[in-house]
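Sequence lines, in order, name chains A and B. Converting from the first sequence to my numbering requires adding 164 to each position, the first position being numbered 1. Converting from the second sequence to my numbering requires adding 164 to each position, the first position being numbered 1.
Calculated directly from the structure, the hints in this document are not laboratory data. In this text the structure is predicted, and so the values were computed from the model without any measurement. Beta carbons: idealized from backbone N, C-alpha and C, even for Gly. Among the clues, some could well be false.
What the hints assert, rightly or not - Pulled a few chain A residues facing chain B out of the computed Cβ check, cut under 7 Å:
no., residue
1, 545
2, 573
3, 799
Claimed, not checked - Pairwise CB distance ranges, derived in the manner of DEER restraints:
no., chain 1, residue 1, chain 2, residue 2, range
4, A, 728, B, 502, 32 to 42 Å
5, A, 680, B, 808, 32 to 42 Å
6, A, 519, B, 334, 24 to 34 Å
7, A, 705, B, 703, 13 to 23 Å
8, A, 613, B, 586, 33 to 43 Å
9, A, 673, B, 703, 27 to 37 Å
10, B, 575, A, 613, 35 to 45 Å
11, B, 199, A, 613, 53 to 63 Å
12, A, 218, B, 561, 53 to 63 Å
13, A, 517, B, 239, 41 to 51 Å
14, B, 268, A, 507, 19 to 29 Å
15, B, 789, A, 714, 22 to 32 Å
16, A, 507, B, 313, 49 to 59 Å
17, A, 277, B, 502, 18 to 28 Å
Number of protein chains: 2
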Amino acid sequence: MGELSPLFAPERVAVVGATERPGSVGRALVENLADFDGDVVPVNPNYDEVCGLPAVDGVGESGADLAVVAVPAAAVLDVVREAGEAGIRNVVVVSAGFGEAGGEGAARERDLVALAEEYDLNVVGPNCLGIVSTPVGLNATFAPRSAPAGSVSFLSQSGAFVTAVLDWAADHGVGFKDVVSLGNKAVLDESDFVAAWGDDEGTDVVVGYLESVEDGRRFVDVAREVTPETPVVVVKSGRTEAGAQAASSHTGAMAGRDRAYEAGLREAGVIRADTVQDLFDAARVLAGQPVPESDGVAVVTNAGGPGVMATDAVGEEPLSLAEFGPDTLDRLRDRLPEGANVYNPVDVIGDADNERMRAAVDAVLADDAVGSAVVIAAPTATLDFADLAVDVADLQARHGLPVTTCLMGGERARAADDALDAAGIPNYFDPARAVGSLGTLARYREIRERERPSPTTYDVDREAARAVLERARERGRTRLGVEAMPLLDAYGIPTPAGEVVESPVDALEVAEGIDGDVVMKIVSPDILHKSDIGGVKVGVPQEEVYDAFEDLVARARNYQPDATILGVQVQERVEMESGVETIAGTNRDPQFGPLVLFGLGGVFVEVMEDTAVRLAPLAESEALSMLDGIKASPLLSGARGREPVDRAAVAETLGRLSQLVTDFPAILELDVNPLVARPDGVRAVDLRLTVDPDNL
Amino acid sequence: MGELSPLFAPERVAVVGATERPGSVGRALVENLADFDGDVVPVNPNYDEVCGLPAVDGVGESGADLAVVAVPAAAVLDVVREAGEAGIRNVVVVSAGFGEAGGEGAARERDLVALAEEYDLNVVGPNCLGIVSTPVGLNATFAPRSAPAGSVSFLSQSGAFVTAVLDWAADHGVGFKDVVSLGNKAVLDESDFVAAWGDDEGTDVVVGYLESVEDGRRFVDVAREVTPETPVVVVKSGRTEAGAQAASSHTGAMAGRDRAYEAGLREAGVIRADTVQDLFDAARVLAGQPVPESDGVAVVTNAGGPGVMATDAVGEEPLSLAEFGPDTLDRLRDRLPEGANVYNPVDVIGDADNERMRAAVDAVLADDAVGSAVVIAAPTATLDFADLAVDVADLQARHGLPVTTCLMGGERARAADDALDAAGIPNYFDPARAVGSLGTLARYREIRERERPSPTTYDVDREAARAVLERARERGRTRLGVEAMPLLDAYGIPTPAGEVVESPVDALEVAEGIDGDVVMKIVSPDILHKSDIGGVKVGVPQEEVYDAFEDLVARARNYQPDATILGVQVQERVEMESGVETIAGTNRDPQFGPLVLFGLGGVFVEVMEDTAVRLAPLAESEALSMLDGIKASPLLSGARGREPVDRAAVAETLGRLSQLVTDFPAILELDVNPLVARPDGVRAVDLRLTVDPDNL
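Please work from the sequences and hints to get the whole structure.
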């Protein structure tokens, strides 16, 4: 389990601040450690013994390898230093009064971090509930109830939620290996625990409740390593605040904070649960059942209605109803009576006894097309649920495929609990939940099988790009438009022929170099909606270019006399007819760094919010997957009788943009809008970006 | 409760086919009737008594007012006739071997229906589990367990599901008034029971599991009357089969069977639940809590994390976080310690005792901005859940606002069950479920407050429309295109100026009557994709109209020599620039009759599947609501700096189309595509329809 394993497997635990005062945290900690396999040493200079255990005066005398600190905040730093001096590497700071309290507390927290560095300490907290590790009977929390043993390890940014889950879990088929209440995450954060549990033999699944991620990039890097072997499921709260944050570009507005988390968790291979129920449903099935090798589900039921409900649920998950082979159909025909349905969903009908049910489940689990199965039973006089549970557990083990059940009933269904719990088979009253659990396994299979390619690196002219940004800095500008098109040229992104010019004569010269009519646009950082003021002319023939220049400048002056006018862009007219207008953008998330956004232009992004967001830098395969990640994707592949656009060129553009924004932290936001995608390639027609000159 | 009330409140029940044979349905029925308040009469000529009750030889001698029939199928009709002759009006046919068995069984079912008509019988089933009514202790089913008493009435198309629910409900806070297993619905169907329970004092909520609706229009009519007073919630399975059905028009493909159900249930004011869990969560809260008067939710919690989760869930429901008034904030400041949060979500913090929690809940429930509240508590040493439950129940009753709770824990939370169950307050471990229940109440409030306007009737020329359809019939055509544009003219739907002509001379004459260039299209039922073969010319100046006619015809002949060519359409060119292309369509559902579909044109319908579907005929307000029912709706209201389109004109067009399709059952499907919506009105540019000439 790496360097954190001693934290969860100490031999001797010091409780600093141990006391017998009723209702105190110090007493609860000592009492909760009663079942610990190792030694417990109360530390309190005012007592000779606490709860029957001999006490010592200072943590330095405890001989412990884990110190749990529950003294007033002002005394914590001294205790931690003493622990460090005594060679105690693992410290859980339960005490509050740190960063969460602001002011003095924040300073105290900084000092705590410094101490942790000085003594190379694993510090949990401060302001936390503590930690649990069931293999050694360690309940170093002040929660009234410890965790039932199991193979799920659980981290939570809310201590109260830990208390609630520990109280609840015992009755709900979830067992834990380690539990940690993260508190203020001053030193150890979610990344540390995910990494540690990824190496831990005893942990089959990691689940978490997070309100934030401390270092998004590190979390992604760590979790990417862990998730192919150990599934990680989290509730990340603050979901529906997405979009609340104002931002200056389309990309900024669309790729709100929650989109960044979404992209980050996706990249990390973390399964995101929306609710507590989903979180622990996922934990149960991932801890208890193997990962299927295919998405085909077999449904076996003794009741038509619930079978139909399960079929509906299959359609809502990344699953399909398996199509049985002829051998399976023969076996089923052989064992089922007339009136039964041998096709999927298999209906053994209401008078089925245990033997018939068993035969049907056995037959479908033997079918090559079946990746997983759900067994459904309504209560009948002929079927014993306890025996059915034993049969299903046995068949699950023998065939090695994941199985969930929906043995529908109250008391009657509880008779099945023991056998199903022992076999790790989740059982729900609702067919949709039983099928949803198989859906979770399918999602995890996709994560486990996902390729994790390195970012693609393209040949670019980095110096030319830097020069463009330098020029902007010299001129004191932070918002750039088409005048920065050479940035795209430098990174090999195709742009229409054209230039920004400052005189009608230059305009004409540029137009003469372009075949056909041109498009002319006023270029000004102060005029955002150029079309609205007549600042855009489409299809200008050469003979009109000179006058058009003067007209555009006049209109702009007229509209906003003090506007900075950088010139007029004269650009090749891009044929739109065979093209699809897309938008490619980037922005920068405080946690996850540069993001890339892709969507169809205009309405699709603004009204339909149909976009794909990924972390930069991108591998080309990831960029391609973004094209499939939008609902309007068929439009790129030739829907409605159109020729398909050059998807590879779109993906390459996303890759090059991701490289650009990764290379230059100074680029805060950037929109290419539209990026016209055609069968013969792409053209970046317009550009807008925001730069931070100090970051260049 | 109307004419079905005696069915659920009999005085004397005959069990036809009563027997003592172990494991038999006849025995289970008699045993399950042991708690019935009235008399039970076994009917079996082979016994003098059954299970200690004196038996009679025939149902005619039973003196019963309800007969439950569990004899072999072949004997059922004689029994039912005998019951009818004896004046027994209510018959539950448990026996199978009817329509579900095909062939002979189907004939038997038809005979059963005839008997029911002859004797004016209320027949439940056949092939059903039976009925339950708790006020009179009636369990006329062969399920092993009866229903706990309550105010939910439950109908199910799956008998097995009834068995499962009865077994489960007792432990899950759901109590029933009446339960019916619908079986084959030969005589009584869901509409009858919804109507009956709508009039029933004892029924607060109707829940159902349906696989089909027998007569969709009747169901809508019945449920529309009931749902303003009594909420109806159903799981309608077969959800995810939508779209599987092939159809010849856009409207047909999009408004698949499930869309019809969706539209029908919406119109009926029925809340659709996707899962069993959602169904009974809805039942609990609707039976136990009042309907809120506003969507503002107050969250009170002793733990930050679960409070954030609840806030997330509020964002997923048709709810908002209430903003407290100054009085409430003062009261909270007065009662809560430093570090607590008096703003919504209110955090009373972890050391809160029952008194503080109570004060906070009391304060928020007194706030005018609060329509409902969720009370959340993690287990702590200072808070007693049982006492908290009593407080919450008391405050809920005193303030009269709906409250749900999330008292998080296992054993500890169960201490709260009694007080909460007695008060009808749903309690869940998952904050999202507690909030989801408040969302259900908000959905029901919208249904209760919904106006139910009569369909709008427009002045139309019905005879002119009939003439167009007659002409099609005479020519033996079932698929019509632009040649049927006069149909739209007759129904007052604006179309561009133009005509279908059969000669170049006529073409020129029509073009001369139109201002500006024209659009010309080949008109042929055999050529579907006219653009692909060059069969459409846009912007044809007058001087080219003659030649264009000949060219279009030549292209069509060349492409498909045997195609029927009806002529060439010469049409005013509709200015698209300021317009939005929409699609307005209708089709006909076997259950729910004529439907109207609306969406934006092209991709939005085909790729984004962004459409609104309603039952015809429409009131104008309903038609307007369809415009808001699509995601792309902002495009109609002037998004992206555009002028808003004439929404009233679009709605009127939908209303007129709905009238057309209601007036003429012969119109099976009809697409107006595009219907161009502009600031100054609409233009129906193209038309395609399928007619059934036999229905004219």
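Distance restraint hint 27 to 37 Å, applied to the beta-carbon atoms of residue 673 of chain A and residue 703 of chain B:
Because 34 Å falls inside the window, the suggested range holds.
May I ask you to test the interface hint for residue 545 of chain A with respect to chain B, counting a Cβ-Cβ separation under 7 Å as satisfied?
6 Å, holds
For the pair residue 199 of chain B and residue 613 of chain A, does the Cβ-Cβ distance stay inside 53 to 63 Å?
57 Å, holds
CB-CB spacing for residue 586 of chain B and residue 613 of chain A relative to the 33 to 43 Å hint:
Violated: the Cβ-Cβ distance is about 52 Å, outside 33 to 43 Å.
Range hint compliance [Cβ, residue 218 of chain A to residue 561 of chain B, 53 to 63 Å]:
54 Å, holds
Per-residue hint verdict: residue 799 of chain A, partner chain B, C-beta under 7 Å:
6 Å, holds
Consistency of beta-carbon spacing, residue 313 of chain B to residue 507 of chain A, with hint 49 to 59 Å:
The hint (49 to 59 Å, Cβ to Cβ) is violated, given that residue 507 of chain A and residue 313 of chain B are roughly 41 Å apart.
Does the Cβ pair residue 277 of chain A, residue 502 of chain B satisfy 18 to 28 Å?
Between residue 277 of chain A and residue 502 of chain B, where Cβ atoms are some 26 Å apart, the hint holds.
How does the Cβ-Cβ distance of residue 789 of chain B and residue 714 of chain A compare with 22 to 32 Å: does it lie in that range?
51 Å, violated
Residue 502 of chain B and residue 728 of chain A - C-beta distance against the hinted 32 to 42 Å:
51 Å, violated
Outcome of range test on Cβ distance (residue 575 of chain B, residue 613 of chain A; 35 to 45 Å)
Hint holds: Cβ distance 41 Å, inside 35 to 45 Å.
So the hint says 24 to 34 Å: do the beta-carbon atoms of residue 519 of chain A and residue 334 of chain B match that?
At roughly 30 Å between Cβ atoms, residue 334 of chain B and residue 519 of chain A fall inside 24 to 34 Å, so the hint holds.
In this structure, the hints that do not hold are numbers 4, 8, 13, 15 and 16, in rising order.
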